[in-house]
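Asks: Protein sequence lines, in the order shown, are assigned to chains E and D.
Using the numbering used here, read the first sequence as starting at 1467 and increasing by one per residue.
Using the numbering used here, read the second sequence as starting at 1401 and increasing by one per residue.
Simulated from the structure, these hints should not be mistaken for lab results.
By construction, the Cβ of each residue, glycine as well, lies at the ideal position given by its N, Cα and C atoms.
Check before you lean on any hint, since a few could be wrong.
Dumping the calculated DSS-like pairs for lysine-lysine here, alpha-carbon to alpha-carbon at most 25 Å [as the list claims (entries may be wrong)]:
id: 1; chain 1: E; residue 1: K1752; chain 2: D; residue 2: K1486
id: 2; chain 1: E; residue 1: K1547; chain 2: E; residue 2: K1717
id: 3; chain 1: E; residue 1: K1762; chain 2: E; residue 2: K1830
id: 4; chain 1: E; residue 1: K1484; chain 2: D; residue 2: K1522
id: 5; chain 1: E; residue 1: K1813; chain 2: D; residue 2: K1446
id: 6; chain 1: D; residue 1: K1519; chain 2: E; residue 2: K1813
id: 7; chain 1: D; residue 1: K1519; chain 2: E; residue 2: K1484
id: 8; chain 1: E; residue 1: K1623; chain 2: E; residue 2: K1601
id: 9; chain 1: E; residue 1: K1571; chain 2: E; residue 2: K1830
id: 10; chain 1: E; residue 1: K1812; chain 2: D; residue 2: K1443
id: 11; chain 1: D; residue 1: K1505; chain 2: E; residue 2: K1812
Facing chain E, a subset of chain D residues (Cβ under 10 Å, in silico) [stated by the list, open to error]:
id: 12; residue: D1434
id: 13; residue: E1439
id: 14; residue: G1451
id: 15; residue: V1455
id: 16; residue: E1457
id: 17; residue: A1462
id: 18; residue: P1484
id: 19; residue: N1488
id: 20; residue: N1493
id: 21; residue: S1494
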Amino acid sequence: MDTKKTSLYQLHQDSKAKFVEFAGYQMPIQYSEGIVEEHRFTRNHSGIFDVSHMGQLFIYGQEDLVDDLEKVFPLDLKNLKLNHSKYSFLMSDNAGIYDDLIITKIKDGFLIILNAACKENDFKILKALLNDKYKMILDEERSLIAIQGPKSVQILKSVIQGVENLNFMSGNWFTLDDHNIYVTRSGYTGEDGFEVSLTNEFADGFTRRLIDKGAKLIGLGARDTLRLEAGLCLYGHELSKDKTPVEANLKWAISKERILKGNFIGSDIIAKQLTNGVSKIRVGIKPEGRIIAREKTKIYNVSDLEIGEITSGTFGPSVNGPVAMGYVENEFSKKNTKIFLEVRGKKHPATICSLPFYKKNYVKGVN
Amino acid sequence: MSEVKFSKEHEWIKLEGDIATIGITKHATEMLGDIVFTELPEKGSKVEKDGTAGVVESTKAASDVYTPVSGEVVDLNQSIVDDPSKINQDPENSAWFFKLKIKDKSEMDTLMNKDEYDKFAKESSA
């Protein structure tokens, strides 16, 4: 299969991107300034991320659809206001995570943003679960551009007026040069920012306008260091079919109301795990010194017993040190627990810590 | 008079008397990206030609550092351990990795000179 290119491919090339194949797409891993500088620029200024490889699934329907989606997602969708978003999961009967996603209530239905590597499978699963009852479009005609960092609101509002009035995890339609654009205040960096859904033919010109206003393109490399510092999960690393939302320490994303009533896919397991606890759980891990513990690094307790494994680890440029996440046995998951990480045959001391490593700067009280 | 040579693993080596200073090339740093972690061999340890003699890590991945010649480690550059970004800034000069008292000068003959290395680096990254 040929690797796909996003509508910003030419712009990436013009910007001297280094490319990698990711989920079947040619994506920029970094540009000429490099991951650390791109990371810092996003934290201090405003970074643009091409996330057009992600799935934009539109599902149209009325009250029936709300009822049917509540059988799938552990969310109180009946009370989700128009243009408001929630983080959620598509799960198996065992509450294993097929994908993590953002679902937004739009007029006449829902917009669901899916991971690139999962989107085709998600579409099939959802279509079957909804018995083909609703119009579903996994929209390949639209691009998705994220703009993240403290200067993003100024930059984006100078191009699209009104975006400054959005609150974190809410969105709206805007019109720019006769193009319909859906903007949400959200992101994957821990910074204030927006995700902009727009038609493919408008994506390049729009992004160049953001660059003219002072934002810079940021690659997937810095996207990973930014999300890891923010303690956010990456599908295929922290999350997989073998992990439940409770094990992933994401129970905050499950509606309390819905747990009481049950009746969603995986609800039995979720309820059981919430009552009885889980054997392994996701934690933040801070290695001592500068040693970087990457994915699959084994974790040991002070008695040298293996208690878990790292799922993501890198150097955090804003933390100015190594950061990691992983799963450990529940009894060793308490903050400040001393652990050891085996890197290149040597055991290095580390500590279980609370997440995020870098304080989030979301904007919640605009209106 | 000192002689600078290069290895296929993208190390440079400068020989003065029987002491060789070893580091990684500018080309290597460009391929690695931002270096955020460095591990050096132990002082006093013996290293063998083409054996591992340290690690550099970028935000993306870890890579081994090899020694282009055999010898005993007599000095280490602690400043690149404390601040690995120095390697990106000045890889072929102040950001040297370690110094060896070399065992066999003839091992230098197996390495590339500057022109040969530049050509090799260009071809290997094409």
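Asks: Are the hints correct? Go through all of them and say.
Replies: A quick look at each hint next to the structure:
The straight-line distance between the Cα atoms of K1752 (chain E) and K1486 (chain D) is roughly 24 Å, inside the 25 Å bound, and the hint therefore holds. The straight-line distance between the Cα atoms of K1547 (chain E) and K1717 (chain E) is roughly 21 Å, inside the 25 Å bound, and the hint therefore holds. At most 25 Å may separate the alpha-carbon atoms for a hinted pair to count; K1762 (chain E) and K1830 (chain E) exceed this at roughly 36 Å. Distance hint between K1484 (chain E) and K1522 (chain D) is fulfilled; the C-alpha atoms sit about 16 Å from each other, no more than 25 Å.
Of the supplied pair hints, the one linking K1813 (chain E) and K1446 (chain D) holds, its CA atoms being roughly 23 Å apart against a limit of 25 Å. Between K1519 (chain D) and K1813 (chain E), the direct Cα distance comes to roughly 41 Å. Violation of the 25 Å bound is thereby established for this hinted pair. Restraint check for K1519 (chain D) and K1484 (chain E): the C-alpha separation of about 22 Å stays at or below 25 Å, so the hint holds. Restraint check: the Cα-Cα separation between K1623 (chain E) and K1601 (chain E) comes to about 33 Å, which exceeds 25 Å; the hinted pair is violated.
About 18 Å separates the Cα atoms of K1571 (chain E) and K1830 (chain E), which keeps this hinted pair within 25 Å; it holds. Under the criterion of a C-alpha separation no larger than 25 Å, the hint pairing K1812 (chain E) with K1443 (chain D) is consistent with the structure, at around 18 Å. Only pairs whose Cα atoms come within 25 Å are accepted, and K1505 (chain D) paired with K1812 (chain E) is rejected, the gap being roughly 33 Å. For D1434 (chain D), the shortest C-beta to C-beta distance to chain E is roughly 4 Å, which falls under 10 Å, so the interface hint holds.
For E1439 (chain D), the interface hint holds, the least distance from its beta-carbon to any beta-carbon of chain E being 8 Å, beneath 10 Å. Checking G1451 (chain D) against chain E by beta carbon gives a least distance of about 14 Å; that is not within 10 Å, so the hint is violated. Taking 10 Å as the C-beta contact cut-off toward chain E, the hint placing V1455 (chain D) at the interface holds, the least distance being around 7 Å. With a least beta-carbon distance of about 5 Å to chain E, the hint placing E1457 (chain D) at the interface is held under the 10 Å criterion.
Because the closest C-beta pair between A1462 (chain D) and chain E is about 7 Å apart, less than 10 Å, the hint holds. Proximity of P1484 (chain D) to chain E holds as hinted, the smallest CB-CB distance being about 8 Å (cut-off 10 Å). Taking 10 Å as the C-beta contact cut-off toward chain E, the hint placing N1488 (chain D) at the interface holds, the least distance being around 8 Å. At its closest, the beta carbon of N1493 (chain D) sits 20 Å from a beta carbon of chain E; the interface hint therefore is violated under the 10 Å criterion.
Residue-level restraint check for S1494 (chain D) is violated (minimum Cβ-Cβ distance to chain E is 19 Å; threshold 10 Å).
In terms of the numbered hints stated before, the structure departs from hints 3, 6, 8, 11, 14, 20 and 21, listed from lowest to highest.
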